[in-house]
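Starting from the structure of chain A, add chain B where the hints point.
Chains A and B, in that order, give the protein sequences.
Everything in the first sequence is counted per my numbering, starting at 710 for the first residue and increasing by one.
Everything in the second sequence is counted per my numbering, starting at 710 for the first residue and increasing by one.
No lab work stands behind these hints, which were simulated from the structure alone.
This one's a predicted model, so the numbers in the text were calculated from it and none came from an experiment.
Note that beta-carbon positions come from the ideal geometry of N, C-alpha and C, so glycine has one too.
Check the hints yourself; a few may be wrong.
Claimed, not checked - BS3-like cross-link-like pairs, simulated, lysine-lysine; straight-line CA separation at most 30 Å:
1. B:K828 with A:K897
2. B:K897 with A:K828
3. B:K897 with B:K983
4. A:K716 with A:K783
5. A:K848 with B:K897
6. A:K897 with B:K848
Claimed, not checked - From the derived model, a few chain B residues whose C-beta atoms are all more than 10 Å from chain A:
7. L776
8. L788
9. H820
10. A984
Number of protein chains: 2
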Amino acid sequence: MSKLLTKSEWSALFPKLKYVLSDCDGVLWNGDRAIEGAREFLGTLRQNGKRVCFVTNNSTKSREQILSKCLKLKFEAELSDVYGTAYATAAYLKMLGVGSVYLIGSPAIYHEITSLGIKCTGLGPDELDGNWNSWLNVKLEEGIQAVVAGFDEHFSLQKVCRAASYLLNPDCHFIVTNRDQSLPSERKDLVLPGTGCIISCLETAAGRPPIVVGKPYPTMIELLKKQFPDLDPENTLFIGDRLNTDIELGRRQGFKTLLVETGVHNREDIDPLKAPTYYLPSLNDICGFIG
Amino acid sequence: MSKLLTKSEWSALFPKLKYVLSDCDGVLWNGDRAIEGAREFLGTLRQNGKRVCFVTNNSTKSREQILSKCLKLKFEAELSDVYGTAYATAAYLKMLGVGSVYLIGSPAIYHEITSLGIKCTGLGPDELDGNWNSWLNVKLEEGIQAVVAGFDEHFSLQKVCRAASYLLNPDCHFIVTNRDQSLPSERKDLVLPGTGCIISCLETAAGRPPIVVGKPYPTMIELLKKQFPDLDPENTLFIGDRLNTDIELGRRQGFKTLLVETGVHNREDIDPLKAPTYYLPSLNDICGFIG
Chain A
710 MSKLLTKSEW SALFPKLKYV LSDCDGVLWN GDRAIEGARE FLGTLRQNGK
760 RVCFVTNNST KSREQILSKC LKLKFEAELS DVYGTAYATA AYLKMLGVGS
810 VYLIGSPAIY HEITSLGIKC TGLGPDELDG NWNSWLNVKL EEGIQAVVAG
860 FDEHFSLQKV CRAASYLLNP DCHFIVTNRD QSLPSERKDL VLPGTGCIIS
910 CLETAAGRPP IVVGKPYPTM IELLKKQFPD LDPENTLFIG DRLNTDIELG
960 RRQGFKTLLV ETGVHNREDI DPLKAPTYYL PSLNDICGFI G
Chain B
710 MSKLLTKSEW SALFPKLKYV LSDCDGVLWN GDRAIEGARE FLGTLRQNGK
760 RVCFVTNNST KSREQILSKC LKLKFEAELS DVYGTAYATA AYLKMLGVGS
810 VYLIGSPAIY HEITSLGIKC TGLGPDELDG NWNSWLNVKL EEGIQAVVAG
860 FDEHFSLQKV CRAASYLLNP DCHFIVTNRD QSLPSERKDL VLPGTGCIIS
910 CLETAAGRPP IVVGKPYPTM IELLKKQFPD LDPENTLFIG DRLNTDIELG
960 RRQGFKTLLV ETGVHNREDI DPLKAPTYYL PSLNDICGFI G
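So that you can see chain A by itself, here it is in the shape it has in the complex (with noise of 0.2 Å):
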């Protein structure tokens, strides 16, 4: 069962503490606002000798675009603590040895992909008219290894005529960077689709499910692992506002967590089968406890 985080469990846990892995949205900021207490206590964090990391399922936004929100935000960090599944995507397309991309994604996911010499076409809008005859007409490129889907504002039925038909070789790799359902979004009364939604269609017509490279699957921290072999359940806390993201990861990981209400989440959406260790509102309650 989860709990609240206490100033004396905090206590404890801290100095068995050397990484703390954090999402950003809805833990550590909302939208362009840094999330009251949070900066502090990352600083403190870093003071103590703790290793922070932010790792995020945004997929529209490059490691260096993420730095420099974390910058402007005036939290401490460098381009290596930076995790997102834009990176992710393609430090894993490189792992595979992929060497052409057809892309339904952001300008970001484009830019990382390609940064590792990795063709990539479909970036923008699709030439395609919406007239659905011409699509009988789509010229398909030869030689394309894998389908990437991220978040992508052009997404239309002819990217994805394209990317299931490329799908129908068994050989091609179907890799996708998240499933959230939606974006976070001030407006309550608005639903922001996430990439999640792009991905249900896709999985749709191309009759298979693909690899997902962003929280809850074990991708990032495969990739955190090369770079930080001594990461384990023992020595690693992982922080986040959604259940089934942040906390399933650092869960199936073994990993302690902590849900804070500042994002999508709150302690009365627990499932206890998929409890995180702690809850607690706002990072800025640990603020207190370190003092």
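Chain B alone, transformed into the frame defined by chain A:
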């Protein structure tokens, strides 16, 4: 188990029949060619006082458009004999008392919905551009009572954003024409995404399942029963070429079912647990029995 429909089987079945419900594509015609014998068969049924209805999943044609195809191919038909998912969806909305709809769909379904006096927005490309920050300013209509989805060439995440936002209201109905994963394509290297892809995407964004009007779901039969209250398993035959839509619908309703092998499936595709009552190479074979 399924059996071949013989002359003696047919002679025993024929007097009991009052209603014959038939799929169109692959049963009565293929593309723009009528299937041999189909016209004569339906003509004989009518001469003997049987009621013939056309029941199709195609959501991109209005009732009038399907009727006009029947007449063009010289099938005797009246508007009230025709059940397509565009019309059936509109009729279902009317039955529910819905007055205002947000539509992801074709001009045909827009026509059917507005013809019944129901207000409908959403036809054609969304007015929001590809910059998702602008979606945050989307103006939602007041009083939308149902989100309706069918095949839409202009499908986009902007549309998903609107649809899922309306569906935040638990009283807003979520109604879709069908879940066919792909459209028929003569190019074997191409997957043409069908309405089912759109529905998977919407379902993920909305976090709830839709009501499906098309075969094999019962909504079209429920509408038929309003017009023909004595339609029942004892007096009804369903004819189709697809096991997972036509035959499955007939089977679930307890109707007698006949698979004809002039379209998608044939006798080798039959799952013994979901078998049609009869199979036959073509409707032309029955003409010989009646003659």
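Each hint tested on the structure:
no.	hint	in the structure
1	B:K828 with A:K897	holds (25 Å)
2	B:K897 with A:K828	holds (26 Å)
3	B:K897 with B:K983	holds (28 Å)
4	A:K716 with A:K783	holds (26 Å)
5	A:K848 with B:K897	holds (13 Å)
6	A:K897 with B:K848	holds (13 Å)
7	L776	holds (23 Å)
8	L788	holds (27 Å)
9	H820	holds (18 Å)
10	A984	holds (24 Å)
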